[in-house]
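S.K.: With the hints as constraints, model all of the structure from the sequences given.
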Amino acid sequence: MTETALRSAPKLETAARARRRPKAQRVRSRPARIVLDVLQRTWLIVVVFAVWWIATAESTNVFIPSLESILVSLFRDLSNGVIASGAAYSLGNLAAGLLIAVAVGIIGGLILGETKRLREIVDPVIHFFRSIPQAALVPLIIGAFGIGQGPKIYTIAFACMWPVLLNTIDGVLGVEPTIRKFSKVYRIPRGLHFRKVVLPAALPQIVAGVRVALPIGITVMVVSELFAANKGLGFYILNSSATFMVPETWAGALLVGVIGYILSLLFIVLERRILSWYFKSGAK
Amino acid sequence: MKTSTKSLDWGLTTQRLLAVAALLAIWQVVIWSGTLPSMTPGVAALASSIGAALTSATFWSALAQTMTAAVSGWLIAVAAGTVLGLLIGSVRALDRSTSILIDFGRSFPVLALMPVVIMLLGATAKMETVVVALSCLWPVLVQTIYGARRMDSAVVDTVRIFQIPALLRFRRVLLPSATPFIATGIRISASIAILVAVGVEVLSQTPGIGRQITLAQQDQRWDSAFAYLFFAGLVGWSIASLLNFAEGRILKWNRQTND
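Chains S and W are the protein sequences, given in the same order.
Per the working numbering: the first sequence = residues 367 to 650.
Per the working numbering: the second sequence = residues 38 to 296.
Misleading hints may appear alongside valid ones.
To be verified - A few chain W residues that don't get close to chain S, going by computed Cβ distances all over 10 Å:
(1) 64
(2) 96
(3) 105
(4) 194
(5) 196
(6) 203
(7) 204
(8) 208
(9) 232
(10) 250
(11) 285
Claimed, not checked - To give an idea of the interface, some chain W residues facing chain S are shown, with a C-beta separation under 10 Å as derived from the structure:
(12) 52
(13) 53
(14) 55
(15) 141
(16) 145
(17) 150
(18) 153
(19) 160
(20) 207
(21) 235
(22) 237
(23) 238
(24) 262
(25) 263
(26) 277
What the hints assert, rightly or not - SDA-like mimics (lysine to any residue), calculated; alpha carbons at most 20 Å apart, straight line:
(27) S:482 x W:157
(28) S:597 x S:482
(29) S:482 x W:48
In case anyone wonders, no lab produced these hints; they're calculated from the structure.
Nothing here was measured: the structure is a model prediction, and the numbers come from that model.
The beta-carbon is built from N, C-alpha and C at its ideal position, and this holds for glycine as well.
M.R.: Structure representation (structure tokens):
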């Protein structure tokens, strides 16, 4: 059977090629296909922008400025550095908060994931803290600790910690039992066991947790600045809305959205990098 | 993490209670030690203001306002998200065309739009509902698209070969296969609904639990601010547990959802 299969293979291939060829001529060349694909993916964005532009061009409503004026003020403040300094401040807070959250979440998750009893005991407490609306913490933390940078970072860290923690626990629980036993049989020291066995195995889950935490962090970042701040993107939005600079308010809100989108794209790139061995293995 | 459903494990329950007691004790010690700002309430003050909130009309009306806005926004999002998602997910061209827009929308921190939405609609319950709906739409939409898109090629072929009419295909093939994903989206968005509703109230003059937290904090009534925070967490936690339970029940036939 194998023999017939082997012998007929080249014949089949030529037949297939012969059948494909006329079709291949009809299908457009590779660059054209890419252009078509890009067009298919982007036309709607262009249409949305065009509709928005045209619909608001003649707007007389003070609160709905024309898209043109929004973009003009956006580019003006982008080029004169007003936004850049605010964005640097906000994103710095976000990065610091996320780093703390990731560190605490991973360490806590590794410990809780490895000790069943402890995990079961603190489970309700964790789920309660996770359920506290992050935005509701903002007035309390800022009220107690002031409008400085530290309280904002802590709030972001607190809000982002839970998804990382819970996902790390899930990841640790998902470590292949055989691998676990191996590590035990060979008496791998505890530190090495955590670093070289459990952590890599849990990494895909941990990264997924950070992916969930990222938008939460961005939201808390903006909310903490919208509530009370003297710097940052949220402050830019708040300040311009308080001084009735309507196009700037719109521009700030849009910019935060774009930043959120870019960060999520960057994170996907980072994820591909960190987990390249995982994706390569074809695991799902 | 799944809590074990063996309902009467007294040892575990006691240990859990002990853990909570230990946390409260640490809290109290930290306050006595004076490392926290002086306005942070002690455990006794906190307990009494939680009790006081339960008997006050303000609390119940605030809770009702928050829940109304959260639930109505959530329902709108679920309806719109499911319909749009099924449509987008089952039409390949639509799926491709909308992908960037949807990726953009889901990563948009909707609360950043608050000042803009307040300008347009004012600090009203309607505004809150709109913001909640806008935030809840994305998880439902993305999950539904995912569910509708992901169909076994064998199933697709079978449907085509037997020339199953479109409506029947939708009702008996597409919907059941997408339901687990939709359910997950609905569950995720329910938690988001509470979070966003409270967030809107914290940031604006819209009445509700979040507003009460801000007001209490501004009046330096820290114990009641913490009490409201506690209730906000409690509501979020109950809703999450309830929906988790419901999803497990309704989708018992589907083993894949239990990761």
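S.K.: Does each hint hold? Answer for all of them.
M.R.: To see whether the hints hold, each was checked on the structure:
Listed as a non-interface residue, residue 64 of chain W keeps its Cβ farther than 10 Å from every Cβ of chain S; the least gap is roughly 12 Å. Distance check on residue 96 of chain W: its Cβ is at least 14 Å (rounded) from any Cβ of chain S, clearing the 10 Å threshold; non-interface status holds. Remark: the non-interface label on residue 105 of chain W is consistent with the geometry, its nearest Cβ contact in chain S lying 16 Å away (cut-off 10 Å). Every beta carbon of chain S lies more than 10 Å from that of residue 194 of chain W, the smallest distance being close to 20 Å; the non-interface claim holds.
Consistency note on residue 196 of chain W: stated as away from chain S, and its beta-carbon is indeed over 10 Å from all of that chain's, at 25 Å minimum. Under the 10 Å C-beta cut-off, the non-interface status given to residue 203 of chain W relative to chain S holds; the minimum distance is some 24 Å. Annotated as non-interface, residue 204 of chain W keeps its C-beta farther than 10 Å from every C-beta of chain S; the closest such distance is 28 Å. The claim that residue 208 of chain W is not at the interface with chain S holds, since no C-beta of that chain comes within 10 Å of its own (minimum 29 Å).
Some Cβ of chain S comes within 10 Å of the Cβ of residue 232 of chain W; the nearest lies about 4 Å off, and the non-interface call is violated. Against chain S, the non-interface label of residue 250 of chain W is violated: not every CB pair exceeds 10 Å, the least being about 5 Å. No beta-carbon of chain S comes within 10 Å of the beta-carbon of residue 285 of chain W; the shortest separation is about 16 Å. This hint holds: residue 52 of chain W has a C-beta 5 Å from the nearest C-beta of chain S, less than the 10 Å allowed.
Residue-level restraint check for residue 53 of chain W holds (minimum Cβ-Cβ distance to chain S is 5 Å; threshold 10 Å). Annotation: residue 55 of chain W was flagged as interfacial toward chain S, and the flag holds, the nearest CB pair being 8 Å apart, inside 10 Å. Taking 10 Å as the C-beta contact cut-off toward chain S, the hint placing residue 141 of chain W at the interface holds, the least distance being around 5 Å. Against a cut-off of 10 Å between C-beta atoms, the interface hint on residue 145 of chain W holds, since the closest Cβ of chain S lies about 4 Å away.
A hinted interface residue such as residue 150 of chain W counts as satisfied when its beta carbon comes closer than 10 Å to some beta carbon of chain S; here the least separation is about 5 Å, so the hint holds. Interface restraint check: residue 153 of chain W against chain S, minimum CB-CB distance 5 Å, threshold 10 Å, status holds. Among the interface hints, the one on residue 160 of chain W is violated; its C-beta lies about 12 Å from the nearest C-beta in chain S, farther than the 10 Å criterion. Taking 10 Å as the C-beta cut-off, the interface hint given for residue 207 of chain W is violated, the closest approach to chain S being about 24 Å.
Hint status for residue 235 of chain W relative to chain S: holds, with the closest Cβ pair at about 4 Å, below 10 Å. Taking 10 Å as the C-beta cut-off, the interface hint given for residue 237 of chain W holds, the closest approach to chain S being about 8 Å. Evaluation of the residue 238 of chain W hint against chain S yields a held restraint, the C-beta minimum of about 9 Å falling below 10 Å. Taking 10 Å as the C-beta cut-off, the interface hint given for residue 262 of chain W holds, the closest approach to chain S being about 6 Å.
The interface hint given for residue 263 of chain W is met, as the beta carbon of that residue sits about 7 Å from the closest beta carbon of chain S, less than 10 Å. Given hint, residue 277 of chain W at the interface with chain S, holds; its Cβ is 6 Å from that chain's nearest Cβ, closer than 10 Å. The straight-line distance between the Cα atoms of residue 482 of chain S and residue 157 of chain W is roughly 51 Å, outside the 20 Å bound, and the hint therefore fails. Restraint check: the Cα-Cα separation between residue 597 of chain S and residue 482 of chain S comes to about 44 Å, which exceeds 20 Å; the hinted pair is violated.
Between residue 482 of chain S and residue 48 of chain W, the direct Cα distance comes to roughly 14 Å. Compliance with the 20 Å bound is thereby established for this hinted pair.
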